[in-house]
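**Student:** Residue numbers (the numbering used here), protein chains in the order written: chain H, 1 to 238; chain P, 1001 to 1238.
What follows is a set of in silico ranges between Cβ atoms, one per label pair, in the way DEER data are often shown:
id : chain 1 : residue 1 : chain 2 : residue 2 : range
1  : H       : Ser75     : P       : Leu1207   : 36 to 46 Å
2  : H       : Val163    : P       : Glu1093   : 42 to 52 Å
3  : P       : Ala1079   : H       : Asn184    : 37 to 47 Å
4  : H       : Met1      : P       : Arg1149   : 31 to 41 Å
No lab work stands behind these hints, which were simulated from the structure alone.
Glycine included, C-beta positions come from ideal geometry on N, C-alpha and C.
There are 2 protein chains.
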Amino acid sequence: MKFGVLYGIGVGPGDPELMTLKGARVLQGCHHVFVPKARSENGSIALAIAGRYLRADSLIHELVFPMSDDSGELSQHWAQAARSVSDVVGMGEDACFLTLGDPLLYSTYIYLVRSLREKLPGLDVVTVPGITAFSAAAALAEFPIGEGRQRVVIIPASDDLDVIGEALAGGGTLILMKLGRRLNKVVDFIEQAGFLDRAVYVARAGLDGQQVEADLRKLRRQEQAADYLSILLVHTGV
Amino acid sequence: MKFGVLYGIGVGPGDPELMTLKGARVLQGCHHVFVPKARSENGSIALAIAGRYLRADSLIHELVFPMSDDSGELSQHWAQAARSVSDVVGMGEDACFLTLGDPLLYSTYIYLVRSLREKLPGLDVVTVPGITAFSAAAALAEFPIGEGRQRVVIIPASDDLDVIGEALAGGGTLILMKLGRRLNKVVDFIEQAGFLDRAVYVARAGLDGQQVEADLRKLRRQEQAADYLSILLVHTGV
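Using the sequences provided together with the hints, build the complete structure.
**Tutor:** In structure tokens form, the structure reads like this:
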């Protein structure tokens, strides 16, 4: 029997209107919809964004991926997710997998496809790109990311200030994603490096609790628990 | 009189279905549509992508931006473009500006908004992000751009092999955009650096003449005139 097709759909950063027309159309044709969520008691953000484009009879399959640095624990969850998806596409049914932002930029989708290709080497996979969170952040803050021949460096979830320092020294624009509790430490570092007035902070672009802040000093005063879905954009001026 | 609003719409890399629902909706509501084109005798690629979402009575204003490294010549064209747009929004009419890919990533939109803000400081600008060409290239090639805590470096239109070499040495994924006639030189360099089998080439994603090539040796054999709208994605393996 021929396998079903797996469609990996980037739902964008938060605003349902920032989904692509292709993503919405493909989702309308999908009966089986797999959605990632961070913990079993929470809902899926990707599903909340794409909800209005679901067909009435769609079957939602939740896949739990913990926020963990434990590669063994993560591997188990990816293997479990790949089993769940292969149970469906292996029966000849098409399936969609929804993912925040763009499917091939720091998304669980990458590991899911890798696991699936090991189990079902002939599987047809169609990836529908999505708006990245940093494009949405740049749009909200009217912050040019890349100009002329300047380079752009993206660093996710970095605890390593040396890595950030090297990137700042190299010129162009720096995009720091998935900051979470690292925020205050990173803001301190950017201030010491002299770039605080060339940076903007955007959290939860297009979602409840969206925040756009051009004065990073205010972040410290507000002593917030920084969101995982947060971004710093920094111009080096070179 | 109140100014009209300028909407900057990223139309994505080529496939009209990769426009966002927001981009299509905003364009449907726009009477004045400004489109960039590279030379006066050619059509606008951005307009060709977004054409199906135009309203019947829309007025298309073409803005010519030469493919030039001459900053004086470019400045003149940006100033002229800003005058054309300000003539419309200054009369209280809304206007859309269409741009390939994402408006704030290596787009003429950046210079247009900067010139406009000098002329009309109070202007309302709404930027609608778009799918970047590299997200579409990654989707076509099923090439994971960023994983885990790896960094991603984007370098546009680079003639400087030292800059590319430094980026490769730094690890993560390298995205080389707008290659054009630099392609052969850059492919030679990537081969010498030992990364040829970790790279893919994608040109004109979603446009006529689309090409996805995982074996970069074939590019050389085909001795093509490389397209300006071309991308190399390279994993360093670190």
